[in-house]
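Q: If you read the sequence shown in the working numbering, its first letter stands for residue 1, the second for the next number, and so on.
No wet-lab data here; the hints were simulated from the structure. Owing to the predicted nature of the structure, the values given are computational and were not obtained by experimental measurement. Where is the CB? At the ideal position from N, CA and C, for every residue including glycine. Treat the hints with care, as some may be off.
Pair ranges (Cβ atoms, derived) [said to hold, decoys possible]: (1) F241 - P64: 25 to 33 Å; (2) L35 - M125: 21 to 29 Å; (3) F241 - M125: 19 to 27 Å; (4) F89 - C49: 37 to 45 Å; (5) G143 - L72: 41 to 49 Å; (6) L35 - A115: 27 to 35 Å; (7) Q23 - D77: 26 to 34 Å; (8) E120 - I60: 43 to 51 Å; (9) I37 - H82: 29 to 37 Å.
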Amino acid sequence: MNHKKQESLQEQPSSELQRKYLQQNRRRRIIVNILRISLIVVFFVLWECAAEKKWIDSFIFSSPSRLYACFLELWSDGSLLHHIEVTLFETFVSFGIVMGVGLVAALLLWMSSFAFQVLEPYLVMLNSLPKSALAPLLIVWLGNQMRTIIVAAVSVAAFGAIISLYTGFSQMDPEQIKLIYTLGGKRRDALTKVIIPGNLPLIVSTMKVNLGLSLVGVIIGEFLASNAGLGYLIIYSSQVFKMDTLILSILILCIMSFALYGLIQLLERLTKKY
């Protein structure tokens, strides 16, 4: 009985410390979220005050109230929703192509290290090439259409994804792969039981990067070859000097990128559970 009492007394402090630690973490997350929201609110309040008191020219720098009125106007006629849908569709399509091409190409290169040695300088060169320089050429080849924008977005992210994924695949523990072969497994078994499961965190982190790069590539393409989308709206509003529409489009892009990043974070949590 005395022994059991001593054990319970020893367990009590550790559980109490753990409870306090969890409470501190929860409190810290709440404070961080409150500060994040407060920063945004303070920024918009100061922006509105500066515009009202004529510290800044509201025609050039706009203001939250002008942006709200512009949002209502564009939303009521359906044009803003159409531009957002076009940009989102192009982003998701290009992102899916990037991840599909990146995974398949990285796996094929992992199967043949000789092929990677041959192609590595070309992959690095294409990854380093400014993709905005390719956009005029793509317009000539493919025309002024959505396909051109998607190809431009894929070119922004695909080569970096291939290099990143191949590096992760090639750095897996060779002893685990040898064990698969020793037990009579094939290359397919090494892929499905070692390479892909062991690189799930890398794949998710690559998705985080490539989703943002796909959005960047889509906007670059819409700047040059589009008649719809937020990139087109930014270029058009800058040409006709509609600064409210221009700044509103940029803010919507910020919100969109934040939401897309949140989706990948949710996927990351799901992969950690399994």
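Q: Are the hints correct? Go through all of them and say.
A: How the hints compare with the structure:
{"no.": "1", "hint": "F241 - P64: 25 to 33 Å", "verdict": "violated, 20 Å"}
{"no.": "2", "hint": "L35 - M125: 21 to 29 Å", "verdict": "violated, 44 Å"}
{"no.": "3", "hint": "F241 - M125: 19 to 27 Å", "verdict": "violated, 40 Å"}
{"no.": "4", "hint": "F89 - C49: 37 to 45 Å", "verdict": "holds, 38 Å"}
{"no.": "5", "hint": "G143 - L72: 41 to 49 Å", "verdict": "violated, 35 Å"}
{"no.": "6", "hint": "L35 - A115: 27 to 35 Å", "verdict": "violated, 50 Å"}
{"no.": "7", "hint": "Q23 - D77: 26 to 34 Å", "verdict": "violated, 50 Å"}
{"no.": "8", "hint": "E120 - I60: 43 to 51 Å", "verdict": "holds, 48 Å"}
{"no.": "9", "hint": "I37 - H82: 29 to 37 Å", "verdict": "holds, 30 Å"}
Going through the hint list in order, the structure does not satisfy hints 1, 2, 3, 5, 6, 7.
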